[in-house]
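A.B. asks: All chains, full assembly: derive it from the sequences and hints.
Quick mapping for you: the protein sequence lines, in order, are chains E and U. Residue numbers for the first sequence follow the working numbering, so the first one is 1 and each next one is one higher. Residue numbers for the second sequence follow the working numbering, so the first one is 1 and each next one is one higher.
Incorrect hints may appear among the rest.
Claimed, not checked - Computed beta-carbon distance windows for the label pairs:
hint : chain 1 : residue 1 : chain 2 : residue 2 : range
1    : U       : Val116    : E       : Val175    : 50 to 60 Å
2    : U       : Val116    : E       : Glu71     : 42 to 52 Å
3    : U       : Gln252    : E       : Val107    : 37 to 47 Å
4    : U       : Ala188    : E       : Phe224    : 38 to 48 Å
5    : U       : Leu75     : E       : Thr177    : 37 to 47 Å
What the hints assert, rightly or not - Covered stretches of chain U, as calculated for chain E (at least 3 residues, CB under 8 Å):
hint : stretch
6    : 204-213
7    : 222-231
8    : 245-256
No lab work stands behind these hints: they were computed from the structure. We treat Cβ as the ideally placed atom computed from N, Cα and C, and that holds for glycine.
Below, each chain spelled out in residue letters.
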Amino acid sequence: MAQPLAGTPREPTVSGRRWRLPNSSRMSSALFAYLFTVPLAIALILLNVYPFLYSFWLALNDVDLRLGIFEYAGLENFRTALQDENFRYSAKVTLRYSLQVTIFSTVLSLGIALLLNEPFRGRSFLVTISILPWAVSTYAAAVLWRFMLQTETGLFSAVLYRLHITDDQPNLMNVDTALTWLAVAHTWHIAPLGVYFMLATLQVIPKDLYRVARIDKLGPVGRFRYVTFPYLKAPLLIVLILNTLSAVNVFDLIYFTTQGGPGKATRVVTYEIYRQSFQNLRLGLGAAEAYILTVVVILITIVYVKILYRRENREARETREAAA
Amino acid sequence: MRWRVKGRNFFIYFCAVLLGIWTLVPIYWLFNLSFMFNVEMIAVPTHLYPHDFTWANYQRLFNQTVIGPGGEKLLPIPHGEFIRRGLVNSLIVASIATPLTMAIALPASYVLGRFVFPHRNKLIMAILLSRAYPPIAAIIPFYRLAATFDLRGTYQGLVIVYLSITIPLVVWIMLGFYNSLPRSIESAARVDGCTRFKAFYRVVVPISLPGIAACSVIAYLIVWNDFLYAFLIATGSRALTFPPTLSNMFFQYSYPTEAAAAMVLGMLPVAMVAFIFQRWIRQLNIVDPL
Numbered sequence: 001m002a003q004p005l006a007g008t009p010r011e012p013t014v015s016g017r018r019w020r021l022p023n024s025s026r027m028s029s030a031l032f033a034y035l036f037t038v039p040l041a042i043a044l045i046l047l048n049v050y051p052f053l054y055s056f057w058l059a060l061n062d063v064d065l066r067l068g069i070f071e072y073a074g075l076e077n078f079r080t081a082l083q084d085e086n087f088r089y090s091a092k093v094t095l096r097y098s099l100q101v102t103i104f105s106t107v108l109s110l111g112i113a114l115l116l117n118e119p120f121r122g123r124s125f126l127v128t129i130s131i132l133p134w135a136v137s138t139y140a141a142a143v144l145w146r147f148m149l150q151t152e153t154g155l156f157s158a159v160l161y162r163l164h165i166t167d168d169q170p171n172l173m174n175v176d177t178a179l180t181w182l183a184v185a186h187t188w189h190i191a192p193l194g195v196y197f198m199l200a201t202l203q204v205i206p207k208d209l210y211r212v213a214r215i216d217k218l219g220p221v222g223r224f225r226y227v228t229f230p231y232l233k234a235p236l237l238i239v240l241i242l243n244t245l246s247a248v249n250v251f252d253l254i255y256f257t258t259q260g261g262p263g264k265a266t267r268v269v270t271y272e273i274y275r276q277s278f279q280n281l282r283l284g285l286g287a288a289e290a291y292i293l294t295v296v297v298i299l300i301t302i303v304y305v306k307i308l309y310r311r312e313n314r315e316a317r318e319t320r321e322a323a324a
Numbered sequence: 001m002r003w004r005v006k007g008r009n010f011f012i013y014f015c016a017v018l019l020g021i022w023t024l025v026p027i028y029w030l031f032n033l034s035f036m037f038n039v040e041m042i043a044v045p046t047h048l049y050p051h052d053f054t055w056a057n058y059q060r061l062f063n064q065t066v067i068g069p070g071g072e073k074l075l076p077i078p079h080g081e082f083i084r085r086g087l088v089n090s091l092i093v094a095s096i097a098t099p100l101t102m103a104i105a106l107p108a109s110y111v112l113g114r115f116v117f118p119h120r121n122k123l124i125m126a127i128l129l130s131r132a133y134p135p136i137a138a139i140i141p142f143y144r145l146a147a148t149f150d151l152r153g154t155y156q157g158l159v160i161v162y163l164s165i166t167i168p169l170v171v172w173i174m175l176g177f178y179n180s181l182p183r184s185i186e187s188a189a190r191v192d193g194c195t196r197f198k199a200f201y202r203v204v205v206p207i208s209l210p211g212i213a214a215c216s217v218i219a220y221l222i223v224w225n226d227f228l229y230a231f232l233i234a235t236g237s238r239a240l241t242f243p244p245t246l247s248n249m250f251f252q253y254s255y256p257t258e259a260a261a262a263m264v265l266g267m268l269p270v271a272m273v274a275f276i277f278q279r280w281i282r283q284l285n286i287v288d289p290l
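C.D. replies: Here is the structure:
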């Protein structure tokens with residue numbers, strides 16, 4: 001605040017109140033901005049940064065809650081984790097699972113978005129209900145699909161039996177199929193989000209472009225390739241990021257359906273971390289494994305974001321933002 | 001030409017029907033099971049609709065004794081008490097966490113979206129990174145910290161942990177929202193003699209009410225729907241929220257019909273909230289939530 005010039009009349013004081021709230025118009029805009037972000041900064045440090053650092057500290061220690069051990073162990077946990085058969089195996093399961101979920105859900109979102117972009121009767125009803133699978137939470141989706149898939153009360157096994165394809169209500173969740181069924185359930189749950197993102201973009205593509213494409217005698221495939229797809233690139237990438245992260249971080253879905261089984265068929269990394277940390281109570285090892293997962297997740301995010309912000313995609317991105 | 005249009009229409013309606021089935025059948029199946037008696041459920045092959053429709057599972061969750069199809073007495077479901085308490089707990093925790101989230105996130109997202117100041121980008125980057133942090137990795141330190149500070153099994157402990165997920169998301173969404181508001185809004189207020197602070201709460205907050213409402217709903221839904229955090233921090237306590245209560249019922253003791261009824265009870269409140277506020281949520285610019 002500038003010093004009052006000599007001779008300027010003093011401001012009249014308000015009825016004896018000495019201290020007043022600082023006047024937010026006289027402070028610099030940066031100071032004002034800092035004041036408004038202080039609560040956020042404190043919350044981020046306490047709730048995100050501190051646990052992040054604390055879990056690194058845990059990972060550096062040999063922690064066993066059953067035996068009451070808490071000893072500094074250096075990088076031992078990281079070495080154990082990387083050499084551990086179970087952890088390596090679960091990494092492979094997660095890789096297979098994420099690939100399936102990402103491919104299924106992205107393709108399905110794209111298909112549904114293209115369908116809902118066409119005019120037909122009942123379209124707006126379908127748009128409204130198509131968000132439902134996403135609106136139920138992940139664990140609810142898991143319970144729903146467990147009820148559909150289990151042997152005794154499963155819809156699929158009942159239908160197969162009724163159609164006399166099988167002699168009894170079959171068990172569909174065996175060692176070979178369980179992971180794929182879970183990927184289908186996951187797809188059911190997250191595909192609507194991608195649909196909404198892509199639909200928002202599809203609806204701003206100028207109709208004239210399609211008319212021009214028709215004049216140029218482009219078929220449906222050509223129209224998709226040269227008109228629709230350039231617009232869809234950016235939302236497609238964002239949907240890919242979201243789907244991949246959601247698949248890599250899956251936990252509720254596994255816990256409520258198979259708990260890693262049958263055998264070890266669906267024991268993904270997150271479940272392995274859960275097992276080590278909270279069933280074997282080896283928090284140090286669990287934290288180290290979780291750190292490895294975090295690094296991988298952040299790397300995936302960075303790769304995708306790099307692609308997204310590459311120069312040739314920037315234009316598409318700007319179109320989308322203008323539309324939003 | 002004519003047959004091609006017909007073919008196109010047929011294809012589109014065919015896909016539309018498939019989409020409807022794909023979306024609704026899993027939800028239908030849950031309701032189907034929840035309206036059956038246990039005796040009917042064990043039929044092979046499983047009935048595709050309840051032949052003997054009943055509210056019995058719901059009534060038994062609410063501590064009532066029901067007369068079964070064979071005239072026998074069906075006692076209340078013992079776990080019903082926990083399910084009901086879980087629903088109340090979810091309501092309490094979500095109702096505390098949501099306003100706290102908004103109080104912290106709102107001013108911050110306003111300045112992050114509209115002011116240029118040093119370290120702004122670093123702060124935004126920090127928010128982005130905390131969104132990419134896997135929940136299973138975050139829960140280990142929280143579990144240990146909750147044990148250290150004796151917050152396991154308390155409402156406070158749960159609320160604190162939930163703030164760590166709701167705040168970054170809400171800031172991220174509202175930042176985009178404020179960024180897209182026209183610049184002239186506060187300058188007009190400032191010309192009229194408002195201080196910066198007054199311009200914020202007299203002009204900006206009222207204008208952004210739809211966004212605030214939508215974000216509150218999103219924060220509410222996140223808290224209501226979380227399983228993992230509540231499961232690890234509040235298991236075995238009186239503060240246990242609905243999802244882990246359901247998982248206990250699911251795995252320890254219950255018939256699928258009873259678990260299905262409990263699941264419906266947990267889904268209805270959020271489904272209704274999501275449905276009522278759907279329009280506002282769809283208007284939000286959540287295109288870049290990462």
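A.B. asks: Please go over all the hints and tell whether each is borne out by the structure.
C.D. replies: Evaluated hints:
| no. | hint | in the structure |
| --- | --- | --- |
| 1 | Val116/U to Val175/E: 50 to 60 Å | 57 Å, holds |
| 2 | Val116/U to Glu71/E: 42 to 52 Å | 48 Å, holds |
| 3 | Gln252/U to Val107/E: 37 to 47 Å | 39 Å, holds |
| 4 | Ala188/U to Phe224/E: 38 to 48 Å | 46 Å, holds |
| 5 | Leu75/U to Thr177/E: 37 to 47 Å | 38 Å, holds |
| 6 | 204-213 | violated (count 0) |
| 7 | 222-231 | holds (count 5) |
| 8 | 245-256 | holds (count 4) |
Figure legend: structure checked against the earlier numbered hints; the only hint not met is number 6.
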